[in-house]
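Student: Protein chains in written order, with this note's numbering: chain A, 1 to 117; chain B, 1001 to 1418.
Treat each hint with caution, since some may be false.
Stated by the list, open to error - Listed below are the simulated EDC-like cross-link pairs for lysine to aspartate or glutamate, each with C-alpha atoms no more than 20 Å apart in a straight line:
{"id": "1", "chain 1": "A", "residue 1": "14", "chain 2": "B", "residue 2": "1357"}
{"id": "2", "chain 1": "B", "residue 1": "1381", "chain 2": "B", "residue 2": "1357"}
{"id": "3", "chain 1": "A", "residue 1": "116", "chain 2": "B", "residue 2": "1303"}
{"id": "4", "chain 1": "A", "residue 1": "75", "chain 2": "B", "residue 2": "1203"}
{"id": "5", "chain 1": "A", "residue 1": "14", "chain 2": "B", "residue 2": "1203"}
What the hints contain is simulated information worked out from the structure, not anything from laboratory work.
The lines below spell out each chain.
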Amino acid sequence: MNKVHELICIVCPKGCHLQVDDDLNVTGHGCPRGIIYGKAELLNPTRLVSSTAKLISSDLSRLPVVTSGEVPKGKIFEVMNVINGLTVSAPVALRQVLVKDVLGLGVDIIATRSVKR
Amino acid sequence: MNKVDILIIGGGSAGLAAAVSAYDAGLRDILILEKDRFLGGILNQCIHPGFGLTEFREQLTGPEYAERFINEVERRHIRYELDTMVMAMTPDKEVTYSNAQQGLVTVKATTVILATGCYERNAGSIALPGDRPSGVITAGLAQRYLNIDGYLVGKSVFILGSGDIGLIMARRMTLEGAKVLGVAEIMPYSNGLNRNIVQCLVDYDIPLYLSHTVTRIIGKRKLEKIIISQVDEKFAPIPGTEREFEVDTLLLSIGLIPSNELLDKLGVPTDKTKGAIVDQNLQTNIPGVFSCGNVLHVHDLVDFVSAEGKIAGKMAAKFVTNPIKTLENQIKVLPQEGISYVVPQRVDPNRIYGPIEFKFRVNKPRNNVFFVISQGETILKRAFHQVAIPSEMINVVLPATTVIDPNMPIIVTVKERQ
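Sequences are here, hints too, so could you generate the full structure?
Tutor: Here is the structure:
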């Protein structure tokens, strides 16, 4: 039987109520990104991971970071382990790549602020 | 005494946007006062993505969003003072502030833009029954400790209140290795954005207990456990529904209150928002004093804070070139049953410089409703919403060409679609 999955789109803060059936037909979306999200959420749910890394030679003690793209939900904690092993030295440029191709997932870990010192 | 054309109190998202827009309107004598050691305000600790979709058409983290505005301020060489606290303000717009370099300074401002943001309701604001151990802390403060200072406040956590900061912290602390046992919300619906329920709670199997509240705090010096109970429709705990959780931390995410003390001391009238009553130009009842962002009313999206800051900056610039002595003949904006507040609370029909944006919230979740802005029998604007919930602000914009009767109040109503 073709089951309809009720999802809440998380692409933007609007939070559209999506209905996605097993054939990946999406309804209830407010924009095309909802269709992409609805399909991906059933096939391979992914998320951005944001955290902070240890920062040295700076007035600040933590550097905010994010993955440059989404990673599979099941890999989030492994990505966190990599971030928690990082030590970054100031100065840092905005969106500076701190870890290239983290865990071979095809995305980088990047800085989300610049730090002069 | 030093003089300044535009004094902006607060260097967060509202204040930065106000500074940039005042500059772009032709003003140069602008000063931002910021109490923290960096510009950007609360965005600095909001390291998660989700900001900027309206303002920049892309998804940014809080620090990235802040940096874009900070860069705009730096590029224009707008002056700012960090680590600076405003102590007092007079109705004549003499503002006294202090910092380590300058000591106590009083400056006479032609206009003041209040952009001081909001603070968190804490344990003192609600009657939390039981002991008073350490380990009960507001969610935003825990967020600052974690994301700015690098300290995780606990290992085993329960969260009271389903506001967005609490939801974001549920995920954040989980990622950092804490166990979040649940979130209790006294209302029968969540107060956070839907997307945050999904990506912060559902993703990590954190239960949300709707119509529940904390009914006991237990712990001698450190928090040891809490008891939550289901509540009835009058929010009274139902005996027999108690659940116990062994936790070392209770995070409170129970609402935000505008930091409006400076205007409160001047007796500027406030609304249910706990922010000042303003007209469509964001001017308070003191000519030349403007309020914007979370100190005016608590927003759910920073993009709307920036937009509001820009209006305040533009209107303050207009005031500097063309000062107003008195504000009179303003008409009232009256929210009707079902709407908890509307900003602006007044419309100045003689000073309409562009579209008028009404921002308001419903007082309970509604489906398939029309929002109607009207004067007497005349409907100025109607907007249909499939879903309207208290945690999401509604915006209805009247075009600048709208004819407004200067002798009649403006009514904002919500009606079910027939």
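Student: Please name the hints from earlier in the document that this structure breaks, with their numbers sorted from lowest to highest.
Tutor: Those not satisfied come down to hint 3.
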